[in-house]
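**Q** Each chain, letter by letter, is given below.
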Amino acid sequence: MAHEMKMNKKNMVVVEGSYAVAHAVKTCRPNVISAYPITPQTHIVEDLSKFMADGEIPNCEYINVESEFSALSALVGSSAVGARSYSATTSQGLELMHEVLFNVAGMRLPIVMTVTNRAVSAPINIWNDQQDSISQRDTGWIQLYAENIQEVSDMTAQAFKISEDRDIMMPSMTCMDGFILSHVYEPLILLEQDITDEFLPPFKPERTLDPKNPLTFGAFADPHFYTEFRYQQECAMQKALKKIESVADEFYDMYGRYFGGLIDEYHTEDADIIIMAMGSIIGTIKDVIDRLREKNVKVGLLKVRAFRPFPAEAIMKVIRDAKVVVVLDKNISLGMNAGALFIETKSILYNTDITVPVIGYMIGQGGRDIPMSTIERIIAEAEEVIISGIKKESQFTDLKEELI
Amino acid sequence: MKSLLAPGHRGCAGCCDAMAAKFTLMAAGEDCIVVTPTGCLEVMTTPYPETSWDVPWIHSLFENASAVASGIEAGLKALGKQGTKVIAMGGDGATMDIGLQALSGAFERGHNITYVCIDNEAYMNTGVQRSGGTPYNASTTTSPAGKVSFGNPRPKKNMPAIIVAHGSPYVATTSLAYPKDMIAKVKKAIEIEGPTYIHCHAPCTTGWGYDTSKTVEVARMAVQTGLWPLYEVEDGKVTKVRKIGNNKRPVEEYLKMQRRFKHLFTMEGGADEIAKIQAIADKNIEEFSL
Amino acid sequence: MKIVPGAVCEAGTSRVNKTGGWRTFKPVYDYDKCIKCKLCELLCPDSSVLPKEDGYFEFDYDYCKGCGICANECPKSAITMVLEEK
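Residue numbers (the numbering used here), protein chains in the order written: chain A, 1 to 404; chain B, 1001 to 1290; chain C, 2001 to 2086.
It is worth saying that the hints were derived from the structure and are not from the lab.
There may be inaccurate statements among the hints.
As the list claims (entries may be wrong) - Partial chain B-side listing against chain C, Cβ under 7 Å, derived:
1) Ala1006
2) Gly1008
3) Asp1054
4) Ile1098
5) Asn1246
6) Phe1288
As the list claims (entries may be wrong) - Simulated coverage check for chain C against chain B, where a stretch passes if three residues somewhere in it have a Cβ under 8 Å from a Cβ of chain B:
7) 2015-2021
8) 2041-2054
9) 2062-2076
Said to hold, decoys possible - DSS-like, lysine-lysine: derived pairs with alpha carbons at most 25 Å apart:
10) Lys204(A) / Lys1180(B)
11) Lys1180(B) / Lys2018(C)
12) Lys1156(B) / Lys212(A)
13) Lys1156(B) / Lys1256(B)
14) Lys1002(B) / Lys2036(C)
15) Lys1156(B) / Lys1237(B)
Cβ coordinates follow ideal geometry from the N, Cα and C atoms, glycine included.
Could you build the full structure based on these sequences and the hints that come with them?
**A** And the structure:
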């Protein structure tokens, strides 16, 4: 379906990305918010705390926990009693939650958490890349990546709707680049309360902790059962592929805004070169494409919005006829000398008839600036691949050789 | 009072966890939600698809029971569900070691929850390894007595005092030997608004090495020697103490009942070590006027 | 059976697991000595001492593991442990 944006500029306000997220969370009528402060997530939880102090979030408890580990653990309890539950974190905080992330997914608790993507220590670094959430890709959380603050605001409501669907019941991370989106002031339409109340019905899980029907949550499963529970989680992830698309469409019908479902495309129809990326870098890439299109360079963009579940079919459909695919990763799988999106993309093409060459660039580590000139250089190198094949399959970008 | 812990659980014969859980539920009744961290109690009661719990129950992880309980309490409050009591019930390792941070956070925040520590003085679920609750000179698999060691070189962590320091309105110690005492204290703890704490001394037949019929007898001896004083602390002040009086017994009688202290009676220098344990008991007797 | 997502269990289902088979010694109850103090019922870790209408007790041998706590603690020695015959 076509998704022409229907946004009334009169309704737009200029706010910080973190405020947009906090406002969206409030609009989704959460029952329990539990979070621990960490840069650059702090403005989100501060704004939510102010909403609480002003009595603007009814029927909600805010828990000022003593760690990220407890932040998410508290939500295990609240979600299990049927409370809509939310948290926000980043980087070290997300890594500290690692054990709980698996637990939440395994217990099928549809918690939503904003991740303000940040590099991980050591060396300690508070700036943006996406190593933190990418490192949690196997935990069973749906992962959505936003390109701007309008998208991450809207994505918050979508995430609750996807996660709480009874066929899915898996938690979601809505990922926004730290500082670049969390601290940027941009015009947007704040999530509308009246439409959201219709779009996102109250959370009514099938099973809860309730003395009237005393169920046991979190039993241990021996080898006779464990595989089947894991299989059920994978099935739910596969169902989420369709749900992410349908929820994005439903959102468009009701709100008039669309930023893609599993993926989004920009000038891909006739593109010889397709760039794949996630997050705020999408804006920069679009600007570069606009410039190059004027020079008749056939370059397009495949924005990956859902990294988990991984949209293999949607990606294959788009890149099938390209002459080269360039994958940009704000993360590194050490020991593979490659980023995760590149690795996944290559893996879905094997055993298919798609033979397009794929090259990868690890870019923007620890907040390193990504100028348009870098993207242009990468595209120039991709053009070389079309002519003379792959010279370097995956590489670090803008390495300062003089420092090494 | 009906038992809300169903039989068929996989606890050892004479299991302390089963007794402590049963007493706690007798005090709590049906309108409660229980959180249990990873450990014997969790494993023995909930092999999927079976559970021994006749009340709503949740296990998440080893170190987060107090945080999960916090979330349950907050969730119930947000949803306007009143009256349901929230109880966390875990072993000494989950309480005093790996779960201490979450416990501290929950108590500092003042959630209306009751935490019951079932203290059997070592990591029993993984095979009797030393914990912060293991007493002085106990031989465990990671603090074994040997040619140059009398076992665990450190005294027990004083967990009730740590909770008192958090400003908890009610902290009490109890013992499996006195089920009515335990039930009364859990009941009192649940009824008091705010985070309350019960620390139950719970001998483990397997880990401590005594006959399965002696769980209560060993527990009683711990109290009668003064090694495990029973007391209540309300708003920071000791308000009640269970006197030993004429029933006072030397620690030797308690120690010789258990395999984990056997080396103290065979090793050279053992008598001196027993004297040190007697000193711990004497200090308790003096401190609490037992 | 079908598994429930999240491994949720229905209350009290461990009753299908008859632990009586673990027993080596079994408790035998002497009505004449019993003073109905209920201590055995209270202490039993396996909830296997069942009260009867007349105030006395009987053992639930389906679950009793034969730990012997009831016999050890009975103030009137009304319970004795005897070797299980199998």
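**Q** Now tell me if each hint is right for this structure.
**A** Comparing the hints with the structure gives:
no.	hint	result
1	Ala1006	holds (4 Å)
2	Gly1008	holds (3 Å)
3	Asp1054	holds (5 Å)
4	Ile1098	violated (22 Å)
5	Asn1246	violated (18 Å)
6	Phe1288	violated (25 Å)
7	2015-2021	holds (count 5)
8	2041-2054	holds (count 6)
9	2062-2076	holds (count 10)
10	Lys204(A) / Lys1180(B)	violated (40 Å)
11	Lys1180(B) / Lys2018(C)	violated (28 Å)
12	Lys1156(B) / Lys212(A)	violated (40 Å)
13	Lys1156(B) / Lys1256(B)	holds (19 Å)
14	Lys1002(B) / Lys2036(C)	holds (17 Å)
15	Lys1156(B) / Lys1237(B)	holds (22 Å)
The structure does not agree with the numbered hints 4, 5, 6, 10, 11, 12 stated previously, though it agrees with the rest.
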